[in-house]
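**Student:** Each protein sequence line maps, in turn, to chains V and C. Residues in the first sequence are numbered from 1 upward in steps of one, following this note's numbering. Residues in the second sequence are numbered from 1 upward in steps of one, following this note's numbering.
I should point out that these hints are in silico values taken from the structure, not numbers from a laboratory. Check before you lean on any hint, since a few could be wrong.
What the hints assert, rightly or not - Heads up, simulated PhoX-like pairs for lysine-lysine below, C-alpha to C-alpha not over 25 Å straight-line:
1) V:Lys96 with C:Lys14
2) C:Lys11 with C:Lys78
3) V:Lys96 with C:Lys78
4) V:Lys96 with V:Lys51
5) V:Lys56 with V:Lys70
6) V:Lys96 with V:Lys59
In this text the structure is predicted, and so the values were computed from the model without any measurement.
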Amino acid sequence: GQQVMQIPQYQHVQEGEDFTTYCNSSTTLSNIQWYKQRPGGHPVFLIQLVKSGEVKKQKRLTFQFGEAKKNSSLHITATQTTDVGTYFCAGRGYQKVTFGIGTKLQVIP
Amino acid sequence: GAGVSQSPRYKVAKRGQDVALRCDPISGHVSLFWYQQALGQGPEFLTYFQNEAQLDKSGLPSDRFFAERPEGSVSTLKIQRTQQEDSAVYLCASSLAGLESYGYTFGSGTRLTVV
Chain V
1 GQQVMQIPQY QHVQEGEDFT TYCNSSTTLS NIQWYKQRPG GHPVFLIQLV
51 KSGEVKKQKR LTFQFGEAKK NSSLHITATQ TTDVGTYFCA GRGYQKVTFG
101 IGTKLQVIP
Chain C
1 GAGVSQSPRY KVAKRGQDVA LRCDPISGHV SLFWYQQALG QGPEFLTYFQ
51 NEAQLDKSGL PSDRFFAERP EGSVSTLKIQ RTQQEDSAVY LCASSLAGLE
101 SYGYTFGSGT RLTVV
């Protein structure tokens, strides 16, 4: 079945440093979504990427979808304490949306 | 409503007890999904409805798990004879269209603890 791997599982950064999380699928995806889950909260939709090689930006966040539509990344520039949380990618294959394990980001002030 | 509403927020069940978890999706959202999230893990797919039709239930871990959405709006996830491994947060999500087009809006979840 479809598997979505995400690395790293944990990341500690100093406030102001950059952060990147990577997502890889075992199968070609129709699209990929990214979610953020704050501690004690629920996943909140950030963005969806559909096209091969697509790049989207939301302020300090940059999302990329690989050319083969099997991998994706989320990059945060100059992290802030408000960026703390777990970032999940969710890849849509044939029928299902499969979530990665998430990358838990801690920002040290 | 403004968001996806789930109840109860917390549920403690004795092993062997039946539980029912409710999800009230955003009005007009056609698609509804149930996910199970264990501590430190990503959400795991359980089942998917489009209106009242359950189109995919392949993620339900056993026949003790049952979900319904009889009128295409509110959905209930029922777990019979709960076991300790059922302890998790159960998330409901809804979206405007089918699987392909839109991001999901999640509810706050029901944290189930089986003792």
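**Student:** Which numbered hints turn out to be false for this structure?
**Tutor:** Of the numbered hints given earlier, those the structure breaks are 1, 6, listed in rising order.
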